[in-house]
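Chemist: Protein chains in written order, with our numbering: chain W, 5 to 459; chain C, 4 to 673.
Rather than coming from a laboratory, the hints here were simulated on the basis of the structure. Keep in mind that the hints are not guaranteed to be accurate.
Stated by the list, open to error - Using 20 angstroms as the maximum straight-line C-alpha spacing, the simulated EDC-like pairs for lysine to aspartate or glutamate come out as follows:
hint	chain 1	residue 1	chain 2	residue 2
1	W	Lys84	W	Asp302
2	C	Lys366	W	Asp265
3	C	Lys456	W	Glu36
4	C	Lys655	C	Asp357
5	C	Lys370	W	Asp264
6	C	Lys456	W	Glu334
7	C	Lys655	C	Glu590
8	C	Lys456	W	Glu340
9	W	Lys337	C	Asp448
10	C	Lys370	W	Asp265
11	C	Lys366	W	Asp264
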Amino acid sequence: MSFMPVILWSDALVFLLLAAGISCAWYVRQHEHLLLPWRRVAQNPTAMVSLLVLSLFLLVGLLDTLHYRVLLPENNNGQKVYSPEVLSVFDKLLAPLRTHTEKTYSAPLAMTLYAKESISEANGLVSREYPRLRYGGAHLSDPQQRDGDVLKRGLSGALAGLLAGLLIALSGKRPLARHGWPVRPLLIATLIIFTVIGMTADLAGAYHVLGTDKVGQDVLYLSLKSIRTGLIIGTVTTLVTLPLALLLGIAAGYLRGWVDDVIQYIYTVLSSIPSVLLIAAAVLMMQVTIDTHPQWFDTSASRADLRLVFLCLILGVTSWTGLCRLLRGETLKLREMEYIQAAQAFGVPSLRILTRHILPNVMHIVLISLVMDFSGLVLAEAVLSYVGVGVDPSMISFGTMINAARLEMGRDPVVWWALASAFGFMLALVLAANLFADAVRDAFDPRLNRSAVAA
Amino acid sequence: MDSILRVSGLITQLHNGARIVDDISFGINAGETYALLGESGCGKSMTALSLLRLLPDGVVRAGGTAQLDGVDLFGLRESDMRAVRGGTSAMIFQEPGLSLNPVMTVGAQIAEVLALHQDMRGMAAQQRCIALLDQVGIPDAARRVTEYPMQLSGGMKQRVMIAMALAGQPKLLVADEPTTALDVTTQAQVLQLLRDTQSASGMSILLITHDLGVVAQMAHQAGVMYAGQIVEQASRAQLLSRPLHPYTQKLLAALPDANQRNRALAAIPGSVPALGSITRGCRFAARCDQAWALCNEQTPAWTVLNDGHGVRCHLYGNTGLRTRDLVPSPQPPAFSLQPPVPSHQPSALLQVKDLRVHFPIRKGILKTVVGQVKAVDGVSLEIPQGRTLALVGESGCGKTTLGKALLQLIPPTAGSVQFAGHELTGLDARKLRARRSTMQMVFQDPYASLNPKMRVAEILEEGMTALGLHGDSSARQSLVDSLLDQVGLARISKWRYPHEFSGGQRQRIAIARALAVSPRLLICDEPTSALDVSVQAQILNLLKSLQQQLGLSYLFITHNLAVVEYLAHEVCVMYLGRIVERGTAEEVLRKPRHPYTQALLSAVPRIDGAQTERIRLEGDLPSPSNPPPGCHFAPRCSHATELCRRAYPENKMFSSTHGAHCHLYPDIPD
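So that you can see chain W by itself, here it is in the shape it has in the complex (with noise of 0.2 angstroms):
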C-alpha cells in the first residue's frame, strides 16, 4: 500500500458522531410522531437553504477528517517508512492549493508579492519592484493582460459551475417537489452556490483567488481547512456536554431532594468560575504534560490533535452547566405530569421512568439547544485561539487565523484579506446554523404550530 490510513483522536470522534446522527435519523424515520416537526423543518425555506450551506460545510469537514500517511520511497531495511507528515484526502484534492507556497504576502488575484524587494539584475543592478509570484499567474507573460484573463476565468467558470448546478437542481427537483419541500428557493440557492463554487475553482488553478499570507499559504486553503477544525469544535465538544447536562438535568429534576441539591451546587460553582481562566488553566497544563512527553506523539499532527480534543473536553466541561438546568426545569414540570404518576401507580422502577418517560420529552430541548450551542462554540473557538489558549498554532484554524491577521492589521497598506476571509467564512457557517437553529426552533415549539389547530 501506498499510504497507511491515520485515525486522529478527534477522527474517531467525528465518525462516533457521524454514527450517532445517522441510526439517530434511521430511529426518527421509523417514528411519525418524531418525524413530524422535522416535515415542518424541511417545508421552511430558509431552513432548507440553510442546510444545504451548512451540509456543503460538512462535506469539507469530512474530507477533511480522511486522514492518511504516504509511504516514502527510501526504506529503512526493508521496513516501510511513512511520512511524518500526516495528510487528509482533502488536501489530496487541493494539493495544488497547498503546494503552491509563494514567499510571503500577496493580495487576492495578484500576480506579484504585496511589498516591493530589492532584485538584484544580470548586469548587476539592484531595483525595487514588486517581484512576480511564483505560481500566481504565472503562466501570463505580460501583467497587462491579467483582467482578461480572470475574466475569462471567472466567466467559463461560473458557467460550467452553473451547468452543474443546474444538472444537479433539475434532477433533483422532482423528488423535492413531491416531499413538498421549497423547491424554487432550493433551486435558486444551488444555482447560486455552484456558480460560486464553479469561478472559484476555475480561478484557484492559475491564481491566489484568496491572497496569500505571511508565509505565502494560500488563505482559501487556510479558510477551507479551518472548517473542520470549527465543526469539530462545535461539534465534538457537545459530546462531552449532553451526557452531563442530561444525566444530572433530569436526575436532579426527578429525584429532587439531596441528589437535586448536590447537582445544583457543582453547577452554580462550576458557572461562577470565569470560563476564559479555566480553559486557559487547563490548556496551558495540557501543553505543559505534552510537551514533557514527545515519545506519546509519532507525528506532530497527532499532538496538535490531541489538544484539539482536549479543548473540546475543556470547553464542554464549562459549558454543560446551562442546558443542565434548562433540563432540570423542564423535569420538574414534567414530573407532576399525570401520565408519570401513573408509571409510579404501576411501581415502574425510577431508572425506567427517566428513561422512558422523562428523556423522550425533553429531547426537543436538547435537540434545539445543541444546534443552538454550535455557532456559540464555534465563535468561542475562534476567540480563544486568538488569546492563545486555543488550538495548537501549527492547527489551521479560524482563530489562529486572525490571531496571525491581527498583527497585519496596523501597517500601511492594510493586508486585509486573511482576515476577511476568515471572518467572512466564519460568518456563513455561523449564520447558516443560526438560521437553521431558528427553524428548528419554531418547528419544536408547540405554542407557534398550535394556531394552524385552533378551533
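Got chain W; can you put chain C on it based on the hints?
Modeler: Chain C alone, transformed into the frame defined by chain W:
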C-alpha cells in the same frame, strides 16, 4: 324589540379554507342573555372572538356582518374598534387566573379601563374602582383594590374580571365559559352576580357555555352550535322542554342523574367532526340515530317553526321528499337491577382508618418547620367489593391528595390503609410493588395522563412489564387487544400515538391502562371533568359496564354531583381535609344533613327548572394550613352557633349508614 347585537351570515375560516364558524346568524335583545351552547371544538369561542375582531393568527373572518348598537363592527377602523372593546362591549374569559396581569394591582387594572373608556383618572378613578369592586361583591373593597391577583382566590379573580368588564359600562358582555374553571359553589355566586348586574344595568350578555345547567339558569334565548353551525335556536323554556334537533335532544339525555341509575346514559357515539371535513349534508348525520339518506346528501335548511323556534334539521324542513314522524329514540339498554355484589354484607375491600397527610411548611435558612398543611386530616372510609364510593368536595379540600395517598404516591403522615386485609402504609418499595396491581388510578386530564411519545400498546404494556404480570410478550399483546375491545377502541389503534385520539378516546386508553394489571379497585380522579357532556356519558357508561362485568370497586373523586347521583352507591362529602357527611347516595343526596352538603346540592344548576331555594355560601374555602377553630365550616355556615366556633363536632348517626359531623343535630342515642 330592539336588538343590541345583530349578527348575520358570519363566516370565520382558517387560511386553508376550513370553516370554523359557518354562516351564523343571531341577535341579542337589550337586557337579555343569549347563550351559545355546544361541545368543545364547535366554534363557540371563535364566534365571540370574530365579533370582537380578536381572532388568532391564521384564522380570518371571511364574511358576514355584525351590528353592535347600530355600529357595523366589521366596517370600523382598528383604532375605532379599540373603543368598542372594553367600551360598548367587554369580554370575560374562562380562566380567571390567566386573565389578570400578575404584576399589576387589581385597582391599577381596573383604572386602566376607566382611563381608556371613561376618561377617569386619579382619585375619581380610585373611588370608582372601589365602587365597582363593591358592586361585584368583593368584601373590604378599599383594601382589595391595592392587592395583587395572586392574593385573591379564583372566584374573587373572576369577580375582578367582571368588575373590569363593567368599568367600561358595556352594552354587551361576552362571557366565554365564565364559570367552567370554578367550583360549583363559586359558580353559583358568579352566575348570581351576573344576573344581578344585568338587572341593575340592563346590559346584554353573550354567554358561551357547554353546561346546560348554566343555560337553564341564565339564558333568555339560546343557540345550540354544532360543528360551526347553529343547529337550533329558541327561548330557554322551548329549548329545554321541547328540544327539536336530535343533537339537542341527545345532549339533554346525556346528562347523568339519579333517575337513570340503572340504565346506560344516552351517549352520542363518536365525536365532533374535524373542521371543514363535511361539506355536504347534515354535519350531525354521522352521529344521529334518526338520520336517513337525505341527511347525507343535502344540507338541511334553517327552518323556523310557528312559535319562533328555529332548527336546522330535515325532520322539520319542508323538503318535499319525506317528512318523518318523530320516532322516539330507543331507550338505552338497562343495566341489570341486580346489585353486582352478593346480598350478604361483604367485608370491605379497602379500609382506611384515620388517614392523615400533612405537608410541613418550612421557612428560613434552616428550613425549620413552622406549620403543617393538613391536606388530609383524619379520614376513615371503607369500600366494599363491587361498589362505588363517591368523594365529593370543592377544589382544594384534599380529595386528590387522599386518592394519591391511598395509592402511596404521596406517603401518608399517619393512619392505616388496608387493602383486602393487607396494610399498605410503611411498606418498602419492593413489597409495595407486589400490591400495586390491586389498586389503580384514572386521572383527570386525559391530555396529561398519557405519555405523548409512547404508542398505545407501549402505554398499556408498561404496567404489566413493571409488575411482571401476564407472562411473555405475545400473551401481553393478546391482552392488549382484549383490553382495547373492552374499552371500545379498535385493535388497530394500539400502534398509534395518543395525539391521534380525541379526549374521550384518550380517557378510554387511560382506563385500559389501569385495567391492564387487573386491579380490584379503581381510583377515578374526576375522570370526566375535562370531557364534553356527550363524551362524559360514554365514559360513565363504560365505567358502569366494567363494574358489572369485572366486579370492580370505584373510589370516584368528583365535584360533579350529577355524576355522583348516577354512579355512586355511597357518598362521602369532604371539607378541608375531613369527611363531614357520609351515607348512601340516596341518603346524602335526598336528605342532606350537613349544611355544607345542603349548600353544595343547592348550588348545582338544574335544567328542570325545579330550583330549590339557594343556600348561598359566603367566602371561600379557608386555607388548610390554618383551619378555623371548631367546626371548619362554621365561618361560612348560616346556622353556626358559638359551640360550632369552639369545638369540632362529633359524628352523629342518622341511620346505620348515614352520618354527619354537625352540632345542629342532637346526639342520637344508639
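Chemist: For every hint, state whether the structure bears it out.
Modeler: Going through the hints against the structure:
no.: 1; hint: W/Lys84 / W/Asp302; in the structure: holds (15 angstroms)
no.: 2; hint: C/Lys366 / W/Asp265; in the structure: holds (17 angstroms)
no.: 3; hint: C/Lys456 / W/Glu36; in the structure: holds (10 angstroms)
no.: 4; hint: C/Lys655 / C/Asp357; in the structure: holds (17 angstroms)
no.: 5; hint: C/Lys370 / W/Asp264; in the structure: holds (16 angstroms)
no.: 6; hint: C/Lys456 / W/Glu334; in the structure: holds (16 angstroms)
no.: 7; hint: C/Lys655 / C/Glu590; in the structure: holds (14 angstroms)
no.: 8; hint: C/Lys456 / W/Glu340; in the structure: holds (17 angstroms)
no.: 9; hint: W/Lys337 / C/Asp448; in the structure: holds (15 angstroms)
no.: 10; hint: C/Lys370 / W/Asp265; in the structure: holds (14 angstroms)
no.: 11; hint: C/Lys366 / W/Asp264; in the structure: holds (19 angstroms)
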